[in-house]
Amino acid sequence: MDLTAIGAAIAAFTGIGAGIGIGIATSKATDAVARQPEADGKIMKLLLLGCALAEATAIYGFVVAIMIILFS
Amino acid sequence: MKELLVELLMEDKTLIHVPFGNGFFDIAKSVVITWIVMAIVIIAVLLLTRDLKVHNISRRQAVLESCVLWLREAIGGMLGEEGAMYSDYMVTVLVFIGVSNMVGLFGVTPPTMDLNVTIALSVMSIILVEAAGIAKKGAKGWLKSFAEPMPVIAPMNVLELVIRPLSLCMRLFGNILGATVIMELIRSVVPIVLPAALSLYFDLFDGAIQAYVFCFLTSLYIKEAVE
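As they're listed, the protein sequences go chains A and B. Residue 1 is where the first sequence starts when you use the working numbering, and the numbers rise one by one after that. Residue 1 is where the second sequence starts when you use the working numbering, and the numbers rise one by one after that.
Okay, chain B solo, but in the shape it has when bound (with noise of 0.2 Å):
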């Protein structure tokens, strides 16, 4: 158990040593895995949006406006009516959580499984929901509304600033993590068939009600800020 823990979490997780200076930049493993998925993204949208018409629309094209129109009313429902124009970020890192997930299917250890890669997200997130705080309320607004509802619970709001990133980027990284450990532990036990049936609920079901969930709350988020 301690081996496979160590070998999930410590080894050394460099891929490419690029040299700089007198020393390395190393570029970790879970970064050139993030660039792959960017690259199958961009790819796909690419592919998916070439040639797209107004009249006469072709079968991928109404699958594609359908998926979209759902995904955007998915996820402006959550933010609500004043935060709607944030749909289009969140959207994207639902998209990316979700294919960083699911690339655990093929193999490839999932680079959401990187502290880093789920801290890094989770930032973002907290940095983008202040943000629209902000520019919602103003400076000022945005102070006072520490305050509310009452001025006694104002270090709670305060330390939410804390907790609110810690929690999104633990439940990321602990899912995934937790996913992984349990396919090594059934394939060192059972290694055929069985992996392929739980890798299902796992890697697909599970990574993707993760983003969901990631998306979910930073909207929630989001959408208590600009009320």
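Next comes chain A alone, as it looks inside the complex (with noise of 0.2 Å):
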């Protein structure tokens, strides 16, 4: 029996993470501006780092189902 693409979509399972992370994330962004406008810009640039690091981990996901499709 071929498990190939049943084990790439477990390995893109991590986007379940980035997407409950980069959610959590951009939600406190838009709280912590409404709550003070003026410090826009360095709430924005904290949000982009805190995203880019937790979209890794969906990066990974894919990297690692690719690998898994093309040399199994």
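Since the hints were derived computationally from the structure, they do not count as laboratory data. Some hints could be false.
Take a look, some chain A residues computed to stay more than 12 Å from chain B by CB distance [said to hold, decoys possible]: (1) 3; (2) 13; (3) 16; (4) 19; (5) 20; (6) 27; (7) 28; (8) 29; (9) 31; (10) 34; (11) 53.
In silico lysine-lysine, DSS-like type, Cα no more than 27 Å apart, as pairs [unchecked claim]: (12) B/140 x B/13; (13) B/136 x A/45; (14) B/223 x A/45; (15) A/28 x A/42; (16) B/13 x A/28; (17) B/136 x B/13; (18) B/223 x B/144; (19) B/140 x A/42; (20) B/13 x B/29; (21) A/45 x A/28; (22) B/2 x B/13; (23) B/29 x B/2.
Bear in mind the structure is a predicted one, so any value in this text is a computation, not a measurement. Beta carbons: idealized from backbone N, C-alpha and C, even for Gly.
From these two lone chains plus the hints, build me the complex, please.
This is the structure we're talking about:
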């Protein structure tokens, strides 16, 4: 039985973590901007950093999924 | 799906065969596209900076000056005062990665989709980070900085030398490859209208964000190294 596709699909589940993480980060950033609109630039910077780091897990999952498909 | 990935990743990427000794010296596609990107940027820069004046500046020069100042301030703010001298390199990398990512708009494969290009960029970044640390603290201080804040986590700090460039190059490569794969899949399902709208997001927005994130993280590492 060929389980390659299922393996790749499981690797793609890393997207859940990244989605939740970026969602939480964005909601907190919206809160922060609503409270202190003058700190806009700093919050934006931190938000982008957090999103980049949270997104990295999804990218790793994506790369692993591609490796599973290609090298199985 | 597998055919698409094989076509994108595994195909023979050489474009020009140069006879060299007994064999060939192959020039990959991404290198040629990089040359084209460099040519575009250099020509744009040469055209934009022609006959600049001190007084009675033209509208083009005013826009150019505000753009340059904005870029320098945005990057210089991330680098902090200590590392402000590295801002020119970071702006160069930002413009290069940005233009390379957006080249996908014209139907060319972005050079950043080649793992070799992103590895080269991230190795350059980590060398710059460590060189900045050595230039600031001296070789002894740089070695000591591995044992900060506690000697116990020194192995972690040494590991970061590898993890940082790995995550930088994988992030850029994975994002651009993911965007290209999704675009190809959509193009095979809906060939008109929808790909044009989505390529605005995937090529312009995502490309700009990834270029910004790459420079932002490198500047953050430099700031940490020179502190």
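Problem - Broken hints, by number - result: 11, 12, 16, 17, 19
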